[in-house]
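**Q** Sequence:
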Amino acid sequence: MLLDQPVVDIGAVVRVEIEDAVAASMLAQQSGVMAGNVIVVDDDGIVTQSADADDISLQGEALHSSIVIAKDQLRHKGAGAGVMVGPREGACNPLSILGVSACLSPRRSMLLAAMQRMRIKELLAAETPPGEVRVQGWVRTRRDSKTFSFLEVNDGSSLASLQVIYDASIEGYAANLPHLHTGSSVDVSGVVVRSQGKGQNWELQVRSLAVLGAAPETYPLQKKRHTREFLREIAHLRPRTNLFGAVFRVRSRLSFAIHRFFQERGFVHVHTPIITASDCEGAGEMFRVTTLEGQAFTAPEAETRDFFGKRTFLTVSGQLEGETFACAFSNIYTFGPTFRAENSNTARHAAEFWMIEPEMAFCDLTGDMEVAESLIQFLIRDALDHCTEDLAFCNEFVDQGLLERLRLIAGRPFSRISYTDAVEILLRSGKTFEYPVVWGQHLQTEHERYLSEEHCRGPVTIYDYPASIKPFYMRQNEDGKTVAAMDLLVPGIGEIIGGSQREERLDRLSQAMHSQGLREEDYWWYTDLRRYGTVPHAGFGLGFERLVMMVTGVENIRDVIPFPRTPRNAEF
RNA sequence: UCCGGCAUAGCUCAGCGGUAGAGCGGGUGGCUGUUAACCACUAGGUCGUAGGUUCGAAUCCUACUGCCGGAGCCA
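So the mapping is simple: the working numbering equals the position in the first sequence, first residue as 1, plus 15.
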C-alpha cells in the first residue's frame, strides 16, 4: 500500500523518547530504505510537518527532528512498521545523527494493539501450533548465527522462556541487534513453528520485532549464576532471574491456596488492624507509631498528645482482634503483615513478615492441631499440583531432596508429642546438647531439630508446654503446670506454626494476667469476650515466609520476601 | 544483641610482605540450528574505610562499616 495521505495529522502529538543512540542514517542504508514518510515534530512532540518523501537521505536538515516511517515497513504485514527518530537538537551530519528509538508511532501502536498478546506459558503449553502470535517480554539471552539470532524471551508467566528466531532479513534486524542484550524488553510478532532444536517444542519465527526498552551493558544480571547475597543488593531486578521467578510464583500460589483452604471450610477473612495499642504478650519488641517529633516525643505524657491519644505500635499479631471475630463468626482467619522490632540477624527472621492466623470458636487444642496439620498438607499438595515446573527447578538448583520431602510431608500423618514426653525423649537420646534439657525451660533450636529431623524424621507437633514459658492467654491445663499450647516443627525450618487453646474462663485469665504483670484494664475489651457468652476457642499463627521457605527449599527468609526488611535494610 | 568468618575487575574468586591475576560478563572479529553456545583478540581495579608496623602492605596489627553463618528472641 502506498501512502498518499500524510501519515500523521498536523498537530497530532507523538510520544518521542530518545534513549539509545544509533546512527539513523545507517539504519536507513542498511535496511535499504530510501523512501519513506517523514514527520517533523517539535520539542513537545507535536507534529509540524508530515509528508511522503522519495528519498529520505535528501531530508537533510529536517531529519534531526523527524520521525521517518519506511513505506516498505508499513506494507510489511501491517504490524511491522519501523520507526526512526532523529535527535531533536544538534548537528545534522547523517553519520552523527543519534537516536533510532524504539518508540511507537500512533499508527504502529494501533496496528500492534490489533494483535492480542499471548502469554509464553500458554504458548509453550499449546498442543497444536497457535499460528501467528504476539509476545512481549524481556530478553534473557541471545545467541547469534550468521544469518539469524536466537533470543530467549521470558514474560514471567513461567520459568521457561520462548525461543525466538530472529532472521537477519527482517526489517530492523541490524538496528535492533545491538539493543538485544540480556534484560531488554521486546514486543515480538511472528509465527509459531515446531522447533528444530532440542529443549523446546515450539519456537517463534519473527515477522516483526520492536525493542521497547534496551538494557545496556551496565545491566547487572548476567546470563550466569549469581549469589543470593549479590541479588539481594539488586532486589528490584532479581525477580527477573529463574530462581526468584520460581519463588515468587510459588509464593503467589500459596497465598491463593491459603484463602482457598479457609474459604472452602467456611472461615471468614478478617482484616485486623496494622496500627494497634495492644501488645500480644510474648510476641516481641514493637515498632512505635507516632506523629510526634523532637522534644514532643520525649516530653512527659507525650502519648496523650500523640495522634491517637495513646501509645501505638505496628501490630505483632492479629490474634486478640481475631478472637473477637471468632466469637461472632465461629471460624475466622487473618492474613496480613506483622512487624517485630527485634534486632534479629538470622535466616529465619524479618522485621516485616506475613502471618496467617485462624481462630476457631467451639474448638479445643486437638481441633487446633488438626486444622494446622491439614492446612500444611493442603498447601504442599496444592503447590505440588500447580507449581510443578517451579518446584522441579527448586529441586534441581536449591535442594535436591525437596520434592521427596514435600511428598513425604503431604502424604502421612504428623507426629504428636507432649512437651513432657519430648523432654524425656531428649534426655534419653544419648545426645550431648550445648544447652541442657530441663523440664520447664524452652526447647532450644538444637532440641527442636533433633525431634523433627532425627527422632520423627518429619513434621512434629509438640503440645502442652509449661505455663511459665508461655503467654497469659493460653488455656491452663488441669495439671496446674502446663497450658494447651502447641508448636508445629518442620525439618530444616524449625517452628512454622505456634498456637494454643485460649483461656476462656475469666477468673483464670485474670489470674494469669496478674501473675505476668499485665494491667487488666488495658485489655478490657479482650476480657469482655469472657464476660459475655464465652466459648472454648483456639487458634494459631503460621509464618507465611517460613511456609514459602519450606515449600521452595530456599533457606533464607530474605529470599522469599520481595523486599525484605531486616535490621539496617530497607532500601527498596 | 552475642560468637565466628568474610570484604581484590561488572559478577564469582585466586593471590597472603617485593611491578594486580583467572573464569564468566562487556567490546571487536570469526564460526556454528544454537540453547550457561564455541574460538581469537581487547578494555576494565586508590585490593571496604581510617590509622599503625615495615625500606616496602592487597598481604601483618588496631578500630570502624557492611555482609555472611550460628545463637538468642519468635512466625
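Do not take every clue at face value.
DSS-like cross-link-like pairs, simulated, lysine-lysine; straight-line CA separation at most 25 Å [what the hints assert, rightly or not]: (1) Lys325 to Lys213; (2) Lys213 to Lys161; (3) Lys213 to Lys238; (4) Lys213 to Lys239; (5) Lys325 to Lys446; (6) Lys325 to Lys238; (7) Lys213 to Lys136.
Calculated from the structure, these hints are not laboratory results.
**Q** Can you confirm whether the C-alpha distance between lysine 325 and lysine 238 stays at or below 25 Å?
**A** violated (53 Å)
**Q** Within 25 Å, alpha carbon to alpha carbon, are lysine 213 and lysine 239?
**A** It holds: about 20 Å lies between the C-alpha atoms, which stays within 25 Å.
**Q** Measure nothing beyond the straight line between the CA atoms of lysine 325 and lysine 213; if it is 25 Å or shorter, mark the hint as holding.
**A** violated (66 Å)
**Q** With the threshold set at 25 Å, check whether the alpha-carbon distance from lysine 213 to lysine 238 stays at or below it.
**A** holds (19 Å)
**Q** Regarding the pair lysine 213 and lysine 161, is the alpha-carbon distance no greater than 25 Å?
**A** holds (20 Å)
**Q** Would you mind confirming whether the straight-line C-alpha gap from lysine 325 to lysine 446 stays at or under 25 Å?
**A** violated (50 Å)
**Q** Regarding the pair lysine 213 and lysine 136, is the alpha-carbon distance no greater than 25 Å?
**A** holds (18 Å)
Checked against the numbered hints given earlier, the structure breaks hints 1, 5, 6 and satisfies all the rest.
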